[in-house]
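S.K.: One letter stands for each residue in the lines below.
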Amino acid sequence: MNILGLETSCDETAVALLQVQGDNFVLPINLVSSQINLHQKYGGVVPEVAARAHVETIFPLLQESGLAADGSGVDVIAVTGGPGLLPALRIGLETAKALAFAWHKPLVAVNHLEGHIYSPWLSAIKPSFPALALIVSGGHTEIVLVKDHLNYQIVGATRDDAAGEAFDKVAKLLGLGYPGGPAIAQQAQLGDPASIPFPRPMSDSGDFDFSFSGLKTAVAVYLKQHPEAPVADVAASFQQAAVDILVQKTLAAVKKFQPQALILGGGVSANLHLRKTLGESLTARHPAITYHVPNLEFTGDNAAMIAAAGYFHAQAKRFVNPVTLIASPNLRLK
Amino acid sequence: MTNITNSPAETQQIAAQLAAELQGGEVILLNGELGAGKTTFVQGFVQALGSADPVRSPTFTIMNIYQADHPAIKQIIHLDFYRLAETQLQDLGLDEWLGRRDTVIIAEWPPAGLDWAGSRQIKIQLSIHSEQTRQIIVS
Ligand SMILES: Nc1ncnc2c1ncn2[C@@H]1O[C@H](COP(=O)(O)OP(=O)(O)OP(=O)(O)O)[C@@H](O)[C@H]1O
Ligand SMILES: [Mg+2]
Chain A
1 MNILGLETSC
11 DETAVALLQV
21 QGDNFVLPIN
31 LVSSQINLHQ
41 KYGGVVPEVA
51 ARAHVETIFP
61 LLQESGLAAD
71 GSGVDVIAVT
81 GGPGLLPALR
91 IGLETAKALA
101 FAWHKPLVAV
111 NHLEGHIYSP
121 WLSAIKPSFP
131 ALALIVSGGH
141 TEIVLVKDHL
151 NYQIVGATRD
161 DAAGEAFDKV
171 AKLLGLGYPG
181 GPAIAQQAQL
191 GDPASIPFPR
201 PMSDSGDFDF
211 SFSGLKTAVA
221 VYLKQHPEAP
231 VADVAASFQQ
241 AAVDILVQKT
251 LAAVKKFQPQ
261 ALILGGGVSA
271 NLHLRKTLGE
281 SLTARHPAIT
291 YHVPNLEFTG
301 DNAAMIAAAG
311 YFHAQAKRFV
321 NPVTLIASPN
331 LRLK
Chain B
1 MTNITNSPAE
11 TQQIAAQLAA
21 ELQGGEVILL
31 NGELGAGKTT
41 FVQGFVQALG
51 SADPVRSPTF
61 TIMNIYQADH
71 PAIKQIIHLD
81 FYRLAETQLQ
91 DLGLDEWLGR
101 RDTVIIAEWP
111 PAGLDWAGSR
121 QIKIQLSIHS
131 EQTRQIIVS
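Chains as they are written, first to last, in our numbering: chain A, 1 to 334; chain B, 1 to 139.
Derived by calculation from the structure, the hints in this document are not laboratory data.
The structure displayed is predicted, hence computed values, not measured ones.
All C-beta atoms, glycine included, are put in the ideal place defined by N, C-alpha and C.
There may be inaccurate statements among the hints.
Calculated from the model, a selection of chain B residues having no Cβ within reach of chain A, i.e. all distances over 10 Å [what the hints assert, rightly or not]:
#	residue
1	MET1
2	ALA9
3	GLN13
4	GLU26
5	GLN47
6	ARG56
7	GLN75
8	GLY118
From chain A, some residues computed to sit far from chain B (all C-beta separations above 10 Å) [said to hold, decoys possible]:
#	residue
9	TYR42
10	ILE125
11	VAL155
Where chain A lies over chain B, by a calculated footprint (3+ residues, C-beta under 8 Å) [to be verified]:
#	region
12	82-88
13	100-108
14	119-133
Looking at chain B on its own, in the form it has when it is part of the complex (with noise of 0.2 Å):
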């Protein structure tokens, strides 16, 4: 599904859109250049699932943890590979959340080849078409 968004908003509702079909266990894959609006559309994705905390950029932090107010999920981890290299999800104690019902992970940069334990992936295309205007293509 290809989606044209014409400001930050209309990319978080596309963001919205998909956590609404979402039932637990998910891992969001978001590529993407630099400002593409990543992070951007976590923020909505993250409102949607009903909590109330900021959304930042992860690349410092490589992990945020938000907590959901959701029938089926408790918790959202926002994950950023940009600053890392020749990473294993191990490495960054995801063992602990990945495979979970009551979890969602969404990542930015994420590297191809990852395992992700047979979690259900669905994959998030941003690309830059002019100053306002992203392509969104969900697949």
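This is chain A alone, in the form it adopts within the complex (with noise of 0.2 Å):
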């Protein structure tokens, strides 16, 4: 079967054909553009710019695909939903929504976080089930039950901030660019991560939710009261307090659930310190639970993880009727 994915929901416009034969999934075509030097030179997100860009970057991506203009070589559409910016969204829906009416293809809508979920099965060791997720971005964080394929139950969540916004705004007070993740990665590198204390918040609450706002809050007083703090050094303490909160709730979940697999997911799971510090944390606990994250170009926002969902999607034969189909800029992952 082949899929072609469309991502618009945020800051990247993104094309992708998956081929799926069998447990094979192959991906002859992968792009994405990103706004983020848009977003620079504004200094932050025009919403009439962000979706403009978007219009004017999507059929150009679709030629440079080389895929047949007749749509000959696709099967399925599939396109995010939502959620996400409302003018961004419509955007990739709308030209899904007249290629699969014009070409005569079926179509698929796709939850985004649903994309995150699935993009380790780009790589070829796919998770079992019942699998647990940790998502995370700007946007995002959450832990997700997945019984099986399209059957999600999330079961914590942040309560405020998003761990990606944490990473953000903390970039921000410490003058580094956007954005922040990896700005503050690179700092760490080069900071002792057990030089400043920051709280660990909501680590006894019991439950598997988040709190980062008063991490973010603990940074941005600390550095009232020490406006001389080495910038390596807060990157690298506050990094190791996020990374903390995240493995321990993550693997708590672990122990609550039993799952086969554990999946990372999501913009931030491009921050290499975690990516090792939730694999050995699982090693060490659980040997025989597989650990699963998506290679790197598939942690940000891209069509290839769209597709992969999408794929599932037409399995299970949840096709959605182009005419009626609209953007949910707050959909929920059910």
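Make the complex out of the two chains shown on their own, each in a separate frame, by following the hints.
M.R.: Dropping the structure here:
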């Protein structure tokens, strides 16, 4: 089966073609165009400009992809239906609807979080079920129990800020650039992670929920009191606290739900310290559970993961009507 | 009116007191540095208007909508302009909500000079005094 994936829920315009044969997932096309430079130019996101950039990018990407103009070679179209920014989501969605309508191809709508959960299917070794997934990005911090394909239960989530949001905001406090994740990780390598005892909020809460606003604020207050603090030490200590919380809660959920596989996904899963620490802690305590992290190119937003999740929608015949499908900015995973 | 609070719960109480005085149609503008407690304030505010919806930071989502359970107010629109630049309210799809008596809008990091279409504005200034202490000015 060949799945065309489209993703425009946030800052990336992405197009992918995924070929699935048995367990073999191949990507003849995988294109991502980011708007980060645009945001840097304007000093932030301008929704109108962002939506226009998606419009101006998506057809050139389709053209560059070499996809046949009559849609031959495509069996199913998969598109992100939400959550995300409405003006951005609409562009991918309307494009997918128009193509499905014109080409007479079946259409599936994928939840963006689902895409991140399915990103390890793009690698050779696939997770088994039940699986537990930690999805961490700018907008999300969720622990999801995946009992079977397309069967999700959110067992923990942030109560305030997402983990990636805390990375971005702390980077800004430290005068590092945007996006904050890579900037913090780079500085952290040069600093001492044990130098500042930042709090690990909610570590004793007894559930699988997170709070990152307390950690963000602890860094803000610390910097007011210690304006001369070495940036690298603050970055390293913050990153250590964030990773500790994520690993601790995820392993508590692993203990409770006893999955076959642990999945890490989302933009923050590009953080090497998190990838490594979570994997090592899992192996030390639960050596039988397999650990799945996407290749670095599939940690951020991309269309390949949307196509991968879309493949399982198509297998389950969960098609949607292109005439009535609308964007859902607050779509929940169910 | 100036308040000093010594915990997130006290900040949420101030928010609840403000919520109790609303009639619907107001716009609440929350200013204050990173970590000052804007989102914490909104949590108390939304709960006081009878919503059980979880209130998370809208920094990435930009707009969260909560259903209220209140005689006059049916929904609360929670905005966050932190990531935005040069924004016009129309671009956010706010036309649908602006000026409605059954809606309150509460915004973090509102830029100066936005056109709130004549809605009554309440300005809240939060600042960090120490780890647990915040100053909250309502005007
Ligand atoms: N008296 C207090 N009032 C409010 N918050 C407090 C108080 N004392 C401590 N805090 C803590 O300060 C933090 C405030 O974070 P919050 O995310 O609400 O701030 P914010 O102003 O929304 O930040 P941002 O600019 O990132 O949106 C919370 O972790 C809260 O628990
Ligand atoms: Mg906030």
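S.K.: Sort out which numbered hints this structure fails and list those numbers smallest first.
M.R.: Failing hints, ascending: 6, 9, 13.
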